[in-house]
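Chemist: Here is how the chains run, residue by residue.
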Amino acid sequence: MIEASHKQPGYIAALLHRLAGLALAIFLPIHFLALATALNGADALDAFLNVTQTPVLKFAEAVIVVALALHMTLGLRVLAVEFLPMREHTFLTVSICLAAAIAVGLLFMLNVG
Amino acid sequence: MSESKLLHVEVWRGAAEGKFQSFDVPRREHQTVLDVVTQIQREQDATLSYRFACRVGMCGSCAMVVNGRPRWTCRTRVSTAVKADGRLRLEPLKNFTVVKDLAVEMTDFFDKNRDAKGYFEPHKSWQDLSQRQFEIVPPASPQRQAADAGIECIGCGVCHSACDVVAWNEDYLGPAALNRAWTLVNDVRDGGQEARLGAISGSAGCHACHTHMNCTQFCPKGIAPTYSIAGLKRAMVSRALGRSAR
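Listed in order, the protein sequences are those of chains Z and X.
Under the working numbering, the first residue of the first sequence carries the number 1, and numbering increases by one thereafter.
Under the working numbering, the first residue of the second sequence carries the number 1001, and numbering increases by one thereafter.
Please note that a few of the clues may not be correct.
DSBU-like, lysine-lysine: derived pairs with alpha carbons at most 30 Å apart [as the list claims (entries may be wrong)]:
1. Z:7 x X:1094
2. X:1124 x X:1221
3. X:1005 x X:1019
4. X:1233 x Z:7
5. Z:7 x X:1019
Derived from the structure by calculation, the hints contain no laboratory data.
Predicted model only: the values in this text are computed from it and were never measured.
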C-alpha cells in the first residue's frame, strides 16, 4: 500500500523533480561525449548526428527537454515557496509546473518535426 | 444508522514487532475513530494500549495512523476515514518508537522543541527588574501575524509522523519543533535569537526540509510548518547577509 503522504502533490512534485534531475545528470556526460566526437573531425561528429535522427532518439530528446523544463519549473516553485512571502495551493502550482513542462516538450517536438 | 452494522477494524498489536488484530465494532452515527478504539478497549480487549485525554482536539495525545494517514483520532469521524469496503486500519504514529499497540514514545519528539530552542528567552533588559516595562505587541504587526499562524500547535506528532525527512534522518528537528522556533523568531520580546538560529542551522535543522509539504497537508490544526520552516530559511539568509533575522 502506498502511504497517504506519498500520494500528495508535494511529494509527487519532489519525486519528479529528483527523477528529472537524475535524467539530466545521466544525459549531460553523454551529451559532452557526443560533442567531443567533433575533436576527431567533422565526419565523426556527422556520423554521430546521423544516429540521432532515428525516431527513438528524437523521442528521447523530447523526454530530456521535458525533464529539463520540469526541473526548472519545479525548482522555481520551491524557490517561490521558500523565498516569497506567499502560500501556494500545492495541487494547482504543481499542475501548472507539469503542464508547462509538457507544453515545452510538445513545442520541441513540433519544431523537430 | 442502525447499530447492527459492523465496522471491521484492524489494530496494530505489539511494539516494533507485532501484527494486526481484527475486531468488529458496532457502527454508530457520528462515531469518531477514538470512539472505535475506546469501544475495543472497554468492551472487547482490555489489554489494548492507546493514549487520549481531552477528546476535543486540544491535548494532542490521540494521534494515530488511520488507513495509512496520520490523524487526530478524537476529531476524525469514522465516516471520513473509512475505506469504501468499510475497513479501518489503525497503526501507531510513524517515526516514533512504539511503546505498545497504539501508544508511542514522545520523549524524543518533545526534546526536539528544546533542542530547537523552542522556548521563550526574555531580553537582557528584563533581567533587570528596574528596567521592566510592558512590551507592546500590536496584534496587526507582521511578526505577531506570523507567530499567530503557527502558535496553535498541540504537539500531536502528526506532522512528525508524516515527514519524509524525519524518516530519513532521525536527528532532524522536525516540522513541529521548527514551527515552534519560527513563532519565537517572530516574538519581539524574545532575546535568544542568536542561539536559536544557531541551534536550527545544522544538518538536522531547517535547511534539511525538502518542502514535500506533508506536514502542512496533514496538520489537524491547519498549521503550515513548511512555510514556518521557509521563514526560518529566509531568517538564516538575512542573518548571513548581516541583516536582522526578523
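Chemist: Given the proposed pairing of residue 1233 of chain X with residue 7 of chain Z, does the C-alpha separation stay at or below 30 Å?
Modeler: Roughly 26 Å between the alpha carbons, so the hint for residue 1233 of chain X and residue 7 of chain Z holds.
Chemist: Would the hint linking residue 1005 of chain X and residue 1019 of chain X be met if the CA-CA limit is 30 Å?
Modeler: holds, 25 Å
Chemist: Holds or violated: are the alpha carbons of residue 7 of chain Z and residue 1019 of chain X at most 30 Å from each other?
Modeler: Roughly 25 Å separates the two Cα atoms, so the pair holds.
Chemist: Residue 7 of chain Z and residue 1094 of chain X: Cα distance at most 30 Å?
Modeler: holds, 16 Å
Chemist: Against the 30 Å threshold, does the CA-CA distance of residue 1124 of chain X and residue 1221 of chain X hold or violate the hint?
Modeler: violated, 34 Å
The structure fails hint 2 only (numbered hints given earlier).
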